[in-house]
Amino acid sequence: MCGICGCGEGHNHSHEEQHDHEHAHDSHGHSHAAEHSHAPGLTQARMVQIEQDILSKNNRYADENRRYLSERSILALNLVSSPGSGKTTLLTETIIRLKEELTIAVIEGDQQTARDADRIRATGVQALQINTGKGCHLDAHRVGHALQSLHPQLHSLLFIENVGNLVCPSAFDLGEAHKVVILSVTEGEDKPIKYPDMFHAADLMILNKTDLLPHLDFDSEQCIKYAKQVNPKIKVLSLSAKSGEGMENWLKWLRVELELQRIAYD
Amino acid sequence: MHQNVENITWVFIMHEMSLCESVLQIIEQQAQAQQFHKVKTVWLEIGALSGVEPDAMRFSFEVVTNGSVADQAKLEIIHIPGQAWCMPCAREVFVEQLYDECPHCGSHQLQIVGGDQMRIKELEVE
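From first to last, the protein sequence lines are chains A and B.
Numbering (the working numbering) for the first sequence: 6 to 271.
Numbering (the working numbering) for the second sequence: 121 to 246.
Calculated from the structure, these hints are not laboratory results.
Wrong hints could be hidden among the right ones.
[Claimed, not checked] Straight-line Cα separation of at most 25 Å, PhoX-like style, residue types lysine-lysine; simulated pairs:
#1 A/K62 to A/K104
#2 A/K139 to A/K199
#3 A/K257 to A/K233
#4 A/K199 to A/K240
#5 A/K257 to B/K158
#6 A/K62 to B/K194
#7 B/K241 to B/K158
#8 B/K241 to B/K194
#9 A/K62 to B/K158
#10 B/K241 to A/K62
#11 B/K158 to B/K194
[Unchecked claim] From the derived model, a few chain B residues whose C-beta atoms are all more than 10 Å from chain A:
#12 V143
#13 P174
#14 V183
#15 V184
#16 G187
#17 D191
#18 Q192
#19 P201
#20 Q203
#21 C209
#22 A210
#23 R211
#24 E221
#25 V245
The beta-carbon is built from N, C-alpha and C at its ideal position, and this holds for glycine as well.
Chain A on its own, in the form it takes in the complex (with noise of 0.2 Å):
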């Protein structure tokens, strides 16, 4: 039994019972007996109100994974992005910088293969891998399973590599402070109005491969402008984590978010 949820092998909440259940038990309970052609003495429908979020589960984990994280001074951060947009050799590169200043760790979640894990640990720091099998997103159940295994120290920085995936991800808290969503160029710029979930979810994009502009027809100000529209508040840093150009904001707003993280507010 795990100390974050209490859950078994079997994945068996014991724990659920304590939390504050939004329904109503035993609500309403007329019965539709006459729009069915139940026989006496059998069973008559009743209805039950539930009015209940559907990813509520989810967000509780996420609440105890932001308590766990923030009572450690952790800054953990979302990392989310099509498939190929280059996370995790901007991942590889932020950590190669950073790696002597701050302790960093990673959460690396995947469909299949530890390849991006192995990447990761090649830089000399702590990567865990979560294999998502047919799903297509880290839930917060399975993120709190693995800061249990991966123990980031205090005040570090801990990077969740989400799966490739700009759909589902959007959806689920997993008690990050931000989600990072990640754009190259060579991707299209109209993407955040095809994906305004994830756009709208984010507090900050990286628009990455920006070394590959002279080649491409990508018009990096139309693909901002469509960003800010689906969220006006979203921040944006263009850079290339191969050629290095940009880096040095994106370090900057890493140290400052982490600095952030360590205020102890009451």
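Based on the hints, put chain B in the right spot on chain A.
Then chain B, alone, in the frame of chain A:
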């Protein structure tokens, strides 16, 4: 299978599939707590800005509930319109998409205030 399913891309079905798994988990929990063994109808409130495709939801629901307490249950989707607070106009407006502009002033300074929910509202059970 739902007739429109060929028009839905796989990634969207994956999304709704996992949402339907959450729906089923909640239903199964309720079945224990409230002592029912069969679900006849499920009412879901799905907001226009929730990122959920109702057709994909119907398809996934049928697949996910197969053989469960909600096998063959009817899925009723209650559509909730998207609502936002327009900061320049200082009033509520209706929007269809997250990237829509204010129908009055054309601004994108909109804060979503409704229509982003996905909730299980009610069940008809026996």
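Hints, one by one, checked against the model:
no.: 1; hint: A/K62 to A/K104; result: violated, 35 Å
no.: 2; hint: A/K139 to A/K199; result: holds, 23 Å
no.: 3; hint: A/K257 to A/K233; result: holds, 22 Å
no.: 4; hint: A/K199 to A/K240; result: holds, 19 Å
no.: 5; hint: A/K257 to B/K158; result: violated, 56 Å
no.: 6; hint: A/K62 to B/K194; result: holds, 23 Å
no.: 7; hint: B/K241 to B/K158; result: holds, 17 Å
no.: 8; hint: B/K241 to B/K194; result: holds, 14 Å
no.: 9; hint: A/K62 to B/K158; result: holds, 22 Å
no.: 10; hint: B/K241 to A/K62; result: holds, 16 Å
no.: 11; hint: B/K158 to B/K194; result: holds, 12 Å
no.: 12; hint: V143; result: violated, 6 Å
no.: 13; hint: P174; result: holds, 13 Å
no.: 14; hint: V183; result: holds, 12 Å
no.: 15; hint: V184; result: holds, 12 Å
no.: 16; hint: G187; result: holds, 18 Å
no.: 17; hint: D191; result: holds, 16 Å
no.: 18; hint: Q192; result: holds, 14 Å
no.: 19; hint: P201; result: holds, 16 Å
no.: 20; hint: Q203; result: holds, 15 Å
no.: 21; hint: C209; result: holds, 14 Å
no.: 22; hint: A210; result: holds, 15 Å
no.: 23; hint: R211; result: holds, 17 Å
no.: 24; hint: E221; result: violated, 8 Å
no.: 25; hint: V245; result: violated, 5 Å
In summary, the structure is inconsistent with hints 1, 5, 12, 24 and 25 from the numbered list given earlier, while agreeing with the others.
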